[in-house]
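S.K.: Each chain, letter by letter, is given below.
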Amino acid sequence: MELPLVLLIGLLTAVATWLMLSRNLIRLLLGFAVLGNAVNLAIFVSGRLTRDAPPLVPLDAETITGAFANPLPQALVLTAIVIGFGLLAFALVLAWVAYERLGTVRTDEMRVAEPPEEKA
Amino acid sequence: MSSLILRAGTRILAPMMLLLSVFLLWRGHNLPGGGFIGGLVATSAIALQGIAFGPEAIRRTLVVPPAVVAGVGVLIAVVAALPAALAGLPFFTGLWLKLDLGDGAVLPLSTPLLFDIGVYLTVIGGVCALIAALEEEPSLEGGEEGG
Amino acid sequence: MGGWLAALVLVVPMLSAGATTLAHAAPRLQARLSLAGAFALLAVSVALLAVVLSDGMVVLQSGNWAAPFGIAFAVDTLGAVMTVIAAVTGVACLAFGLGEIGETERRAWFHPLSHVLLLGVCGAFLTGDLFNLYVWFEVMLIASFGLMTVGGTKAQIDGAVKYVALNLVATLMFLLAVALIYGLTGTLNFADIARSVPAVANTGVLTAAATLLLAAFGMKAAVFPLFFWLPAAYHTPLVSVSAVFAGLLTKVGVYALIRAFTLLFTHDPDWTHTLLLWIAGLTMVTGVLGAAAQSEMRRILSWHIISQIGYMVMGLALATPLGIVGSVFYLVHHIIVKANLFLIAGVAARLTGSMELKRIGGLYRSAPWLGVLFFIPAFSLAGFPPLSGFWAKLVLVRAALEIGSWWIAAAALVTGLLTIYSMTKIWGEAFWKPHPAGEAAARPLAEAPPAMLAPIAALAAGTVVIGLFAQPFYVVAERAARELLDPAAYIATVLGEVR
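Protein chains in written order, with this note's numbering: chain A, 52 to 171; chain B, 2 to 148; chain C, 2 to 500.
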């Protein structure tokens with residue numbers, strides 16, 4: 052089961068890298084979203100993939116009996132998704148504001164902070 | 002966006018989603034669910050209102066500014082970590098208070114639940130602040146925290 | 002109760018952030034709460050440092066879950082010292098901010114965001130868990146995104162786009178390294194990782210993970226060749242915001258590098274530490290050359306952050322006791338000096354009307370005391386005795402000579418020399434030459450609000466004290482270095498209860 056997932060991670064990383072090399076801010080952010088998914092899958096795979104019961108203790112018991120899935124990667128991925136969501140949301144607002152105020156989403160045309168002809 | 006179907010549907014859906022979000026929050030301690038997921042469901046309900054009735058509806062539903070909701074949430078979550086000090090236990094140790102309601106019914110109250118309520122409010126406030134920032138005229142307002 | 006003190010270092014900024022959010026409608030109350038919160042953080046972190054210095058490392062097993070299973074906070078001397086310095090910077094910059102910000106900036110959540118930023122920084126210094134470090138980094142990052150755009154000007158948005166873009170990439174690299182390390186060692190607790198690393202069979206993947214972490218932390222620390230976001234962004238926000246950023250944020254990256262490459266990854270120093278040494282040399286030289294080409298005060302200072310980061314990484318890369326002492330000493334000295342220089346640049350711009358050196362001047366005539374205040378951190382930055390920067394550089398250069406790394410010592414000395422050039426440039430242009438718009442255009446120091454001058458004077462006094470009474474600070478740095486170079490003690494303290 053690991054191999055298809057690993058191949059998928061590689062594919063997503065490739066797609067994301069291609070998107071992030073773009074000068075277009077929106078593509079860069081899309082690339083960030085895709086790469087985020089690739090990394091989350093990587094965390095998931097490194098927790099080892101098993102077909103076991105969910106890691107929930109039954110109401111009338113003290114511990115789980117039998118094999119159960121590793122809960123830690125799920126917690127890590129959930130946290131990473133939340134954080135990635137927050138960052139992406141902010142970045143999208145920023146891109147929107149940048150488009151409104153600077154009139155472009157192309158990063159090489161954004162030269163307000165570092166004006167090109169400062170040698171004068 | 003002023004579709005009659007959407008508006009009529011929202012009137013029924015939004016309250017039910019809010020109810021579901023509280024249910025998810027409540028059962029979250031022992032079963033799948035919790036403050037974050039509950040908060041997101043509640044935010045979806047509020048966002049649905051915003052889509053159906055305009056951004057003004059979001060502010061009306063929340064009554065106070067979204068950031069204040071998030072601020073209260075953070076404060077509640079921090080407070081949940083503190084009672085452990087009174088019991089001489091480390092920071093964030095979970096404590097339970099089992100209230101006996103008579104007839105064998107027990108209402109378990111705990112600091113993890115309090116923490117979840119804090120997360121619930123933080124998520125609602127934070128995400129609503131973002132939605133407001135995206136829907137209204139663009140003025141940057143950061144101020145959401147990860148759950 | 003050392004553990005609770007460590008917890009309070011996190012609780013206080015959380016409460017301040019919450020309280021200043023709720024007091025949003027009451028400006029005066031909000032300002033008071035904000036400043037009180039910063040002072041409370043300072044008090045708590047000083048108390049924590051006192052406990053660490055007297056009783057040794059403080060470990061907090063949050064939620065009473067024992068170390069490798071729960072999230073552990075482990076505070077050694079370095080962590081405690083950094084927290085105190087973070088609080089000092091927080092107090093200074095918030096105080097400065099009270100004089101600087103207007104209603105627009107206040108309404109854009111300046112105060113709550115500042116406290117969230119301090120929370121993230123302190124959390125990163127205290128945590129003993131790799132994933133938790135990631136979370137604190139993100140808390141810090143979200144707050145810094147908000148602070149960066151607090152004024153909403155075009156230049157700020159432009160700078161923020163670059164800052165955000167590169168930090169998003171660094172974030173994912175960090176997370177990917179976390180995934181690899183978790184897959185290899187099965188744990189995320191620093192002590193537990195350090196214990197498991199020697200037993201990992203697949204050292205190739207381990208080194209790859211270490212290099213990914215190096216790249217991620219290096220991007221936060223703005224080392225060569227990952228520094229381009231810094232001079233593109235740091236001159237755009239409010240002065241108080243850029244001073245916090247300049248003082249603290251990159252140093253969190255350096256701190257993470259020190260933690261990772263003393264405690265976790267010492268399995269392949271031929272690769273990692275040699276790489277670090279090259280990075281250190283190139284960072285120093287490119288930073289200082291970049292600064293020489295600039296003519297705007299904050300951009301000059303931004304490039305100098307980069308060159309100074311090189312010194313800190315250099316001590317780490319040498320990996321000798323003296324080298325680590327130098328890095329730790331440099332961290333402390335640099336945060337104070339650099340934050341102060343940004344604040345002084347802010348006052349200078351307020352008195353003369355611009356940050357651009359060509360358009361200003363005459364400050365020596367109109368505000369001679371500002372010249373004195375500028376001289377202290379500027380000379381300290383360049384490494385003049387007897388100021389703090391001299392001792393920091395002296396220790397590092399000695400450490401390099403001790404193990405025969407002549408070229409890195411030479412790079413450090415040349416960088417120091419070129420730093421004098423930049424500082425002289427600011428002095429000559431902003432202070433010495435007459436103001437191009439006439440003598441009246443440079444206004445006297447009395448016109449700057451006292452809230453701005455007090456933190457500058459306090460930080461300058463701190464610089465002088467560290468310089469003149471360097472011995473106690475050196476002893477603390479030495480102690481921090483000794484702890485860093487003895488991972489076994491760290492591991493035993495954190496995991497003690499489960500062994």
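If you are wondering where the hints come from, they were derived from the structure by calculation, not from laboratory data. Virtual Cβ for every residue (Gly too), placed ideally from N, Cα, C. Incorrect hints may have been included.
Unchecked claim - So the derived list for chain A, only partly shown, Cβ under 8 Å to chain C, looks like this:
{"id": "1", "residue": "L72"}
{"id": "2", "residue": "L129"}
{"id": "3", "residue": "I132"}
Claimed, not checked - One side only, chain B facing chain A, incomplete, derived with CB under 8 Å:
{"id": "4", "residue": "T11"}
{"id": "5", "residue": "F37"}
{"id": "6", "residue": "L131"}
{"id": "7", "residue": "A134"}
{"id": "8", "residue": "L135"}
S.K.: If a hint holds in the structure, say so; if it doesn't, say that too.
M.R.: Each hint, compared with the structure:
1. L72: violated, 11 Å
2. L129: violated, 12 Å
3. I132: Check failed: Cβ of I132(A) comes no nearer than 11 Å to chain C, outside 8 Å.
4. T11: violated, 23 Å
5. F37: holds, 7 Å
6. L131: Cβ of L131(B) sits 5 Å from chain A, so the hint holds.
7. A134: Interface hint status for A134(B): holds (5 Å vs cutoff 8 Å).
8. L135: holds, 6 Å
Checked against the numbered hints above, the structure violates hints 1, 2, 3 and 4; every other hint is satisfied.
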